[in-house]
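Input sequences plus hints: build the corresponding full structure.
Protein chains in written order, with my numbering: chain A, 8 to 122; chain B, 195 to 306.
Source of the hints: derived by calculation from the structure; they are not laboratory data.
It is possible that some hints are incorrect.
Claimed, not checked - With a straight-line Cα cutoff of 25 Å, these simulated DSS-like cross-link-like pairs (lysine-lysine) come out: (1) B/Lys262 with B/Lys246; (2) B/Lys293 with A/Lys64; (3) B/Lys293 with A/Lys78; (4) B/Lys262 with B/Lys250; (5) A/Lys77 with B/Lys262; (6) B/Lys271 with B/Lys250.
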Amino acid sequence: DGGITQSPKYLFRKEGQNVTLSCEQNLNHDAMYWYRQDPGQGLRLIYYSQIVNDFQKGDIAEGYSVSREKKESFPLTVTSAQKNPTAFYLCASRREAGAPNTEAFFGQGTRLTVV
Amino acid sequence: GDSVTQMEGPVTLSEEAFLTINCTYTATGYPSLFWYVQYPGEGLQLLLKATKADDKGSNKGFEATYRKETTSFHLEKGSVQVSDSAVYFCALVNTGFQKLVFGTGTRLLVSP
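Structure (C-alpha cells):
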C-alpha cells in the first residue's frame, strides 16, 4: 500500500544532542512538508520541498535542518539550537506543490521528548 | 497572507446530536479548502475537500460547502457518534502557492 512512513514513533533526546526524524513516501509525490504540533497551537510549518534537491524554510525553521536528496525521502534534523524541541512532528506529502486541489497525505507522526 | 480561523473547542455533544464546526478563511484568488481529522496519537487524515465555490464535499456523513460570498467552509454532521471524537482541522491551499495553511483545530468530544 502507498503511504508515508515516519520513524521512530517515539524519540528521546538529551540536551545538546542533534536527532534526525525519518520520513519516507512511496506515493511518487513531488512535494513534502514537515509540521510541528504543540497542544492548542495547531500545525506550524517547519520546512517544505517542492522537488528533489530543493527546499524552503517555513514559519518556524530556526533550529531545524532538512535535506531532499531523493524524491521519496525528506529527513528532518532537530539541532541543539532548537531551544524547545519537545513536540509532535508530522510529515506530509502532496502530488504537486503548485496544484491547489491536491490534498496532503500525512504520516503517523514522531513524538520527540527532551530528557 | 492567507489564513484560516476555526471556532474554539472543545465542542461537547451527546451521541446523535447535530454538529457544526465553523471555519472561515482569508485568501486572495480561489483557494481549495479541506477538512482533516486527527485521532489521538495519530497523523491527519483527509475528511473531505472542495475545490471551487459552491462545491459540497462529503464523506462518512460529514459535509461542508465552499461559500465564497461568506468565505466559509463550515463542517456539519447530522448525527454524531462517539467514534467521531477527534480533532478537526480546516485548511486551504491557494493557487500559485505551495503551502497548506491550517486552522488551529477544534476538538470534538461525543459522549454516549
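To see whether the hints hold, each was checked on the structure:
{"no.": "1", "hint": "B/Lys262 with B/Lys246", "result": "holds (9 Å)"}
{"no.": "2", "hint": "B/Lys293 with A/Lys64", "result": "holds (11 Å)"}
{"no.": "3", "hint": "B/Lys293 with A/Lys78", "result": "holds (18 Å)"}
{"no.": "4", "hint": "B/Lys262 with B/Lys250", "result": "holds (12 Å)"}
{"no.": "5", "hint": "A/Lys77 with B/Lys262", "result": "violated (39 Å)"}
{"no.": "6", "hint": "B/Lys271 with B/Lys250", "result": "holds (13 Å)"}
The structure shown violates just one earlier hint, number 5.
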